[in-house]
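Colleague: Start from chain S and add chain G according to the hints.
Chains S and G, in that order, are what the protein sequence lines are.
All residue numbers for the first sequence refer to the working numbering, where the first residue is 215 and numbers rise by one.
All residue numbers for the second sequence refer to the working numbering, where the first residue is 25 and numbers rise by one.
Simulated from the structure, these hints should not be mistaken for lab results.
Source: prediction; values computed, not measured.
Wrong hints could be hidden among the right ones.
[Unchecked claim] In silico lysine to aspartate or glutamate, DMTMM-like type, Cα no more than 25 Å apart, as pairs:
no.: 1; chain 1: G; residue 1: K54; chain 2: S; residue 2: E222
no.: 2; chain 1: G; residue 1: K43; chain 2: S; residue 2: D695
no.: 3; chain 1: G; residue 1: K54; chain 2: G; residue 2: E71
no.: 4; chain 1: G; residue 1: K73; chain 2: S; residue 2: E222
no.: 5; chain 1: G; residue 1: K43; chain 2: S; residue 2: D577
no.: 6; chain 1: G; residue 1: K112; chain 2: S; residue 2: E261
no.: 7; chain 1: G; residue 1: K43; chain 2: S; residue 2: E573
no.: 8; chain 1: G; residue 1: K43; chain 2: S; residue 2: E414
no.: 9; chain 1: G; residue 1: K35; chain 2: S; residue 2: E261
no.: 10; chain 1: G; residue 1: K35; chain 2: S; residue 2: D260
no.: 11; chain 1: G; residue 1: K35; chain 2: S; residue 2: E573
[Claimed, not checked] Only part of the chain S face toward chain G is listed, based on derived beta-carbon distances under 7 Å:
no.: 12; residue: L217
no.: 13; residue: L218
no.: 14; residue: Q219
no.: 15; residue: I220
no.: 16; residue: A221
no.: 17; residue: P223
no.: 18; residue: S252
no.: 19; residue: S357
no.: 20; residue: A358
no.: 21; residue: G360
no.: 22; residue: T364
Beta carbons: idealized from backbone N, C-alpha and C, even for Gly.
So the chains spell out like this:
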Amino acid sequence: MALLQIAEPGLSAAPHQHRLAVGIDLGTTNSLVASVLSSNATVIRDEAGRALLPSVVRYQRLGAETIIGHEALAGQSDDPHNTLSSIKRLMGRGLGDVANLSDMPYTFVDKPGMVHIETTAGLKNPVEVSAEILRTLRLRAESALGGELTGAVITVPAYFDDAQRQATKDAARLAGLNVLRLLNEPTAAAVAYGLDKGSEGIFAIYDLGGGTFDISVLKLSRGVFQVLAAGGDSALGGDDFDQRVYDWMVASAGLGTLGSRDARHLLTLARSAKEALSTSASTAITATLGDDRAICLTLSRETFADMTVDLVARTLKLTRKTLRDAGLNVEDVKGVVLVGGSTRMLNVRTAVAGFYKQEPLTDLDPDQVVALGAAIQANALAGNRNGDDWLLLLDVCPLSLGLETMGGLVEKIIPRNSPIPAARAQDFTTFKDGQTAMSIHVLQGERELVTDCRSLARFELRGIPPMIAGAARIRVTFQVDTDGLLSVSAREQSTGIETAVSVKPSYGLDDSQITKMLEDAYGRADADMKVRMLREAQVEARRLIDATEAALAKDGEELLAPPERTTITCHIYTLAEIIETGSNNINTLKAAADALNTATQAFAERRMDASVKRALSGRRLEQIAEHLSADVG
Amino acid sequence: MSVTLTENAAKRVQSFLAKRGGVGLRVAVKTSGCSGMAYAIEFADVEAKDDLRFESRGVTLLIDPRSLPYLDGTELDFVREGLSEGFKFNNPNVKNQCGCGESFAV
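Next up, chain S with everything else stripped away, as it sits in the complex (with noise of 0.2 Å):
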């Protein structure tokens, strides 16, 4: 018999209607699974009671079962080639990519596209990998549901570029899931707290996990939540601090060097000493080692946050940085949400609270509140809520889209923090007469030149007919669906000819690159805007020769004196110098293009004459000015 869940006023779904719908948490370390029970998120466990499901996989000889999450972890020791974590690092990645691939005791192999690992059961993928895990959480959360899924909202960090969404929605795809929407971590925290009810202002969102630190800051303003800036380190986590009790626990024993089997064994205990300081002021760490030896110490609260002092003092310098970023003050921000079990270390809140001089969020389970907050979402686009003062959440753009120019120069589409789903359209034209074929370079940056934005895609619009240069009106509509992922269209207005590209991702940046194109993108802003008007004035001016050439090839014997003629060439000339020689003096540049404009103006004016009179000779008046007036009516 089917269990009911309480529904809010007048919104009784009709039986096997209600629709069920999970928010998923797809973390580096551990995942979770959620959905909203009863009108409250709630955490689904497995049989055992657990909440959280390491994100680990481990593959056995052919044929033999895959085993993932908790028993995967627990025989990481005994099999670590084929026990595959922290999978999210590499998706969407190629091995270039991946900082400190060395750390991983993997055999990887570089493959088109992604980073493939070798394992017992052969050539594996973190698309798969992921996909297991996943797999893994929606059989959870059917037999909890006790039905099939319609379809669950996935989280992804703020920074992830479109190769790493791509993957990840790959994935989803692969466990058979029907993705709702990728939905930005920081987010859906903030969703968990109900901060996109309400309230407006900015809001940080610092999540210390096991091995990874991120900041963001968000604005929130009708609905729409935007990225204002992300930063963090992706090698500082929870796992530094048991390492700091660990090291303290060798040095005060006195232990030296130990062997594998005992030093994982302190290092489970010290990760346990720190979890029970979260609680209790001070807690004794007793243990016997492999030769007998036995050990007894006790940790005290103070002791935990004088050796570990500089790894929060490391999280706030991150912290101010990201608020730098994004030009605000420590005062701007309105409220700050915990995320990631390490902001349970009292002596993290505690820095947090002194830094933003105010009690962070901290009421939801810190583990669970990204989950929670996906599962919200995923409950809302199921459409199992339809109430008038549901505002469906936004997410935005991460970073602008837009095309190569003339010059090696990027005109940006959308601009980064566009609320999505999001559609612009822009028109071009042809920059010589004749043009036919025009290429598309779709673009990924916050910077001014081709050179240092990071290439999504390449497509031709052939078929153009030749017309002379700024005849031709071609849209270019830019598409970014409720995931952030882009679809390129390219429509030559008069014979509708069109080409699209939906956006394969190219994979090939990592988090920190990420990152600092964004730093970039502020800090050189000036000098990017100095260089475009550089390259806009050579491009102006290439035109004018293209132009003055084409003209002097036509009209130039018939109307023009010798003399007028060879002015205009030296003209050209000195030019085509300025630009040749990549001068970037601009005011020489445009100095030589206005004497250029100004020796042919002359010439132009007898070229319009001489056309009008072309136009109007052999017809009688009373033609011309029937023709006039049919030009008027």
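Modeller: Relative to the frame of chain S, chain G by itself:
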């Protein structure tokens, strides 16, 4: 005539109401579903004019007069089955119910 909650159900409803707010729990029967009738349980924010009101283990139950005949004597339970947990109707009036139990006939 009465409708009651088991202790487990009452505890659950109270904790939900404490979090969400509202005057009580509305229990109703709707004509739909594969066996003719279907249960609905909703949070109640206001009491309607002709609602019938029952108190059971500290929880206010609101039932509209049309639903009551189908629900008379029903005990609402909160149970856990495997990983799944939720509300279950123990309704003495039911003659037939569909396999899943979401709808029934009297």
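Colleague: Look at each hint and say if it fits the structure.
Modeller: Here's how the hints hold up against the structure:
1. G:K54 - S:E222: holds (16 Å)
2. G:K43 - S:D695: violated (35 Å)
3. G:K54 - G:E71: It holds: about 18 Å lies between the C-alpha atoms, which stays within 25 Å.
4. G:K73 - S:E222: Holds, at about 19 Å.
5. G:K43 - S:D577: Distance of about 13 Å is within 25 Å: holds.
6. G:K112 - S:E261: Given that 25 Å is the threshold and the Cα spacing comes to 21 Å, the pair holds.
7. G:K43 - S:E573: The hint holds at about 22 Å.
8. G:K43 - S:E414: holds (23 Å)
9. G:K35 - S:E261: holds (23 Å)
10. G:K35 - S:D260: Given that 25 Å is the threshold and the Cα spacing comes to 23 Å, the pair holds.
11. G:K35 - S:E573: violated (31 Å)
12. L217: At 3 Å from the nearest chain G Cβ, L217 of chain S passes the 7 Å test, so the hint holds.
13. L218: With a closest approach of 4 Å, the L218 of chain S hint holds.
14. Q219: OK, holds: Q219 of chain S within 7 Å of chain G, min 5 Å.
15. I220: Interface hint status for I220 of chain S: holds (5 Å vs cutoff 7 Å).
16. A221: holds (5 Å)
17. P223: holds (5 Å)
18. S252: holds (6 Å)
19. S357: holds (5 Å)
20. A358: holds (4 Å)
21. G360: holds (5 Å)
22. T364: violated (16 Å)
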